[in-house]
Amino acid sequence: VQDLIKKLVDEHFKFDMEAVMKDPILFGDYSNALDETEPRIYKDIIDYEASKALFQV
1 VQDLIKKLVD
11 EHFKFDMEAV
21 MKDPILFGDY
31 SNALDETEPR
41 IYKDIIDYEA
51 SKALFQV
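Under UniProt numbering, the sequence shown has 51 at position 51, and the numbering climbs by one with no breaks.
Derived from the structure by calculation, the hints contain no laboratory data.
Hints may contain errors.
[Stated by the list, open to error] Below 20 Å or equal to it, Euclidean Cα-Cα: the simulated SDA-like pairs (lysine to any residue) are:
hint, residue 1, residue 2
1, 14, 4
2, 6, 47
3, 22, 37
[What the hints assert, rightly or not] For each label pair, taking beta carbons as the anchor points, the in silico distance ranges come out as:
hint, residue 1, residue 2, range
4, 43, 10, 17 to 23 Å
5, 32, 10, 29 to 35 Å
6, 32, 3, 20 to 26 Å
7, 17, 49, 21 to 27 Å
8, 53, 23, 34 to 40 Å
9, 37, 14, 21 to 27 Å
10, 42, 3, 19 to 25 Å
Cβ coordinates follow ideal geometry from the N, Cα and C atoms, glycine included.
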């Protein structure tokens with residue numbers, strides 16, 4: 001999967017390669033999961049610590 005992502009980024013977003021391919025590649029639509037009125041939009045979660053912070057209340 002990462003090879004395909006790298007190929008597509010290289011073709012269409014070459015200047016963003018470093019940011020997109022940062023390890024780990026985490027995208028999710030759960031940053032506003034507790035607010036049902038908010039749209040569910042996939043975003044870069046950045047890293048595991050940022051992901052954990054989304055679920056800590």
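Here is how each hint holds up against the structure:
1. Between residue 14 and residue 4 the alpha-carbon distance is near 14 Å, which keeps this suggested pair within the 20 Å criterion.
2. Restraint check for residue 6 and residue 47: the C-alpha separation of about 18 Å stays at or below 20 Å, so the hint holds.
3. Restraint check for residue 22 and residue 37: not satisfied, since their Cα atoms lie roughly 31 Å apart, outside the 20 Å limit.
4. Checked against the hint of 17 to 23 Å, the C-beta distance between residue 43 and residue 10 comes to roughly 22 Å, which is consistent with it.
5. Range check, residue 32 to residue 10: about 31 Å between beta-carbon atoms, so the 29 to 35 Å window is met.
6. Between residue 32 and residue 3 the Cβ separation comes to about 31 Å, which falls outside the hinted range of 20 to 26 Å.
7. Distance hint check for residue 17 and residue 49: the Cβ-Cβ separation is about 23 Å, which falls inside the suggested range of 21 to 27 Å.
8. Here the CB-CB span from residue 53 to residue 23 is close to 19 Å, at odds with the stated 34 to 40 Å.
9. Checking the proposed 21 to 27 Å range against residue 37 and residue 14 shows it is violated: the Cβ atoms sit about 37 Å from each other.
10. Between residue 42 and residue 3 the beta carbon distance is about 20 Å. The supplied range of 19 to 25 Å therefore holds.
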